[in-house]
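**Q** The residues making up each chain are set out below.
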Amino acid sequence: MSNGISHGQKAKPRDQQSAALRLKNNRLGMNIFQVSWIMVFFALIVVNWQLRFSYAQWPPVGVTPFEPLLPSLATLALLGSSFFAQRGLAAFRSAEIKDFALCWRLTMTLGIVFMALIAREFAMVSAAALATQYGVTMRLMTGFHIVHALVIVGIMLAVYRRAGAGAYRGGEAAGWAVEGAAKLWHFVTVAWMLFYLVLYWLR
Amino acid sequence: MATIAVPIGTQAEQREAEAVRRPALSEYLRWSVDHKIIGVQYGISSFLFFLVGGAMAMGIRLELLTPGLDLMVSGSAYNSLFTMHGTVMIFLFIIPMWAAFGNFVVPLQLGAKDMAFPWLNAFAFWLIPPAAIIILMGYFVTPAEAGWTAYPPLSTLFSGDGQTLWALGAHLLGISSIMGSINFIVTILNMRPEGMTLWRMPLLCWAVLATSIIAVMATPFLAGALTLLLLDRVAGTTFFDAAGGGDVLLWQNIFWFYSHPAVYIMVLPGMGVLSEVLSIHSRKPVFGYRMVGLSSMGIAFVGFTVWAHHMFTSLQPELRIPFMITTMIIAVPTGIKMFSWLGTIWGGKIRFTSAMLFALGFLSMFVIGGITGVMLAALPFDIHVHDTYFVVSHFHFVLFGGSVFAIYAALYHWFPKVTGRMMNERLGRIHFVFTYFGFLFTFFPMHIVGMLGMPRRVAVYDPAFTQWNQLIGIAAFVLGFSTFIVVYNVIHSYFRGPVAGANPWRALTLEWATTSPPPVTNFIDDPIPYEDPYGYGTEAATAYLDAVDETFRNGAPASSR
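Top to bottom, those sequences are chains A and B. Using numbering that gives the first Met the number 0, the letters of the first sequence correspond one by one to residues 0 to 202. Using numbering that gives the first Met the number 0, the letters of the second sequence correspond one by one to residues 0 to 560.
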């Protein structure tokens, strides 16, 4: 038996978890994180909703409503990227690394298209809208969302490069990073769908 | 009983090599992913903040000894003092203190070798020192003056840069709390040993589970509120400024949607501790075990529906009655726990250890805090005592009479497991007497001055209240003094206390079925839990406990059996 570890030595309890337990823990942890962090997005929706009632009408008098066309295209791009992230994950699991790389590149490209379109919306808010909470909450929500999208695309890029270099092979537990990145990307999509509805359709 | 399942290994030589060694003190100052080290790190740092916050409380009472200004140069200085007192006590003492006991005890109670995510656990702890430095630094620039609740416009227009630092620090603490809670939930749900179903889990684990669910669901709202506050303060937005189309009540809504559930983050683990301590020290099974576990979940759930009772005076009138009703409903699961505790000690073989005394102290004081809570839930009464000392009294009865008494009970109860030494019981009893009566005479009279109309958060008050405040002040100094007794006791017992042995309280939960302190891997073999964590008073339980004693005789695992 080699488990006689005294305090003097550096023990790594994490290494004692079996691969199956580690995967189970990672999955549950990720689910809880997603449920938890989506609450920040809900909080911002509450902000948007409560501030509406400071005004007689929404959008306020003299402010033209946001045009939903470009954001809708961006939303389609994001939905597509989430689809390809899932396809990429499935390809990775069946060890089709080429397919995985293609899907993952598509995911990231569509994600960047989404961010570019939303960044344009962010930049183009009219001065009249910015003088009211209509424009400010829109910038708050899209800005907050893009920060998340940017960080998670960064994570996906890191996973892509390491996976291309041959990491994460050998079973589901080893491939957790790919699964985790895909799940984070789905989180970005779900969070955006909530914002999209509130910002462009619920008037 | 023929088969007695305790963690008895077969590797006798292995055990002999494994002496019971305490971690060197320097290990507590370093990064470590061992949940036991992290638990102690949480405990010691939050206790230091308790001393800091307590010193501030002494300053507050010193100021209030006379109706005029004497210690403070201005009302603003007083504002920043009580702001810091509240912030330190809530964000830096009570919440991380429960992470201390949760970290140390929960994996042991589950028979696990560590938390699910050890690295994340350490990271969550190490966010606290920088956050504390940021918050405390704010006190020395232009301090926050808006109270720990940071209501705008006080926190936007009338506070200095300290408020910005306050918000940044609170942000970090919120992130730390979410990461810690994810870790607890995953550990509790995934890492129980075979044979321990959810319904056979110790009640501290139930309480930590409920607490963590609240923390992961509510703390993000704090993050949202703080983000808006920071933007209003530094980026020129006007979310909380009606002049710019904002709404001051927005802060109150979002902040209390976090902070009311946070009240249960602060007290639910204490309720779990109480179930443990009362059962073990009166040698009786927990009365109504399932209902206690479920009531923790009930409190967690209902706790999300009551936040607007903090806004009775500013809320739309038609929403007052619904929130009054939900607030009264939350007394039901709390009452279930209360009756369970009474049923547990009823007819038990009570041993008045220090841990038991503090648990009984919680029982008596929390009942008062709970009843004043129901009084405050009643709208007509709340409007009468709104922003008076009655409110101050109420929340100190639940946070000191509740949480802090439970923290002391937990300290006396688990100190032997953490250090391998017993605490001094005589000093413990003296500490209890000073704390209990100091507490009672500090906070009970506040009910009366509150109902007589003394407003909270003022440095200058009507001279008619002078005598009451002097009584409160003197009692508060006694309470402050009592803290030094326990500090001395901890330090003295760490070095000179009698050796505790594995299971000094003869308890059935798994943290006692290993050496004190436990080895790095917690258990040498996979431990097998006793079928009922509180099944005291049966022959089988006695046999199990005897077997544990036999296995770990003299505080070290026996070399042979």
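These are calculated hints, taken from the structure and not from any lab test. Please note that the accuracy of each hint is not assured.
What the simulated footprint calls covered on chain A by chain B, stretch by stretch (three residues with Cβ under 8 angstroms from a Cβ of chain B suffice, anywhere in the stretch; the number is not a length) [to be verified]:
1) 29–36
2) 44–57
The following residues of chain B were derived to be distant from chain A, with all beta-carbon distances above 10 angstroms [as the list claims (entries may be wrong)]:
3) K112
4) Y138
5) V185
6) L314
7) M327
8) A330
9) G536
Each residue gets a CB set at the ideal place from its N, CA and C atoms; glycine is no exception.
**Q** Check the structure against each numbered hint from earlier and tell me which ones fail, lowest number first.
**A** 3 and 5
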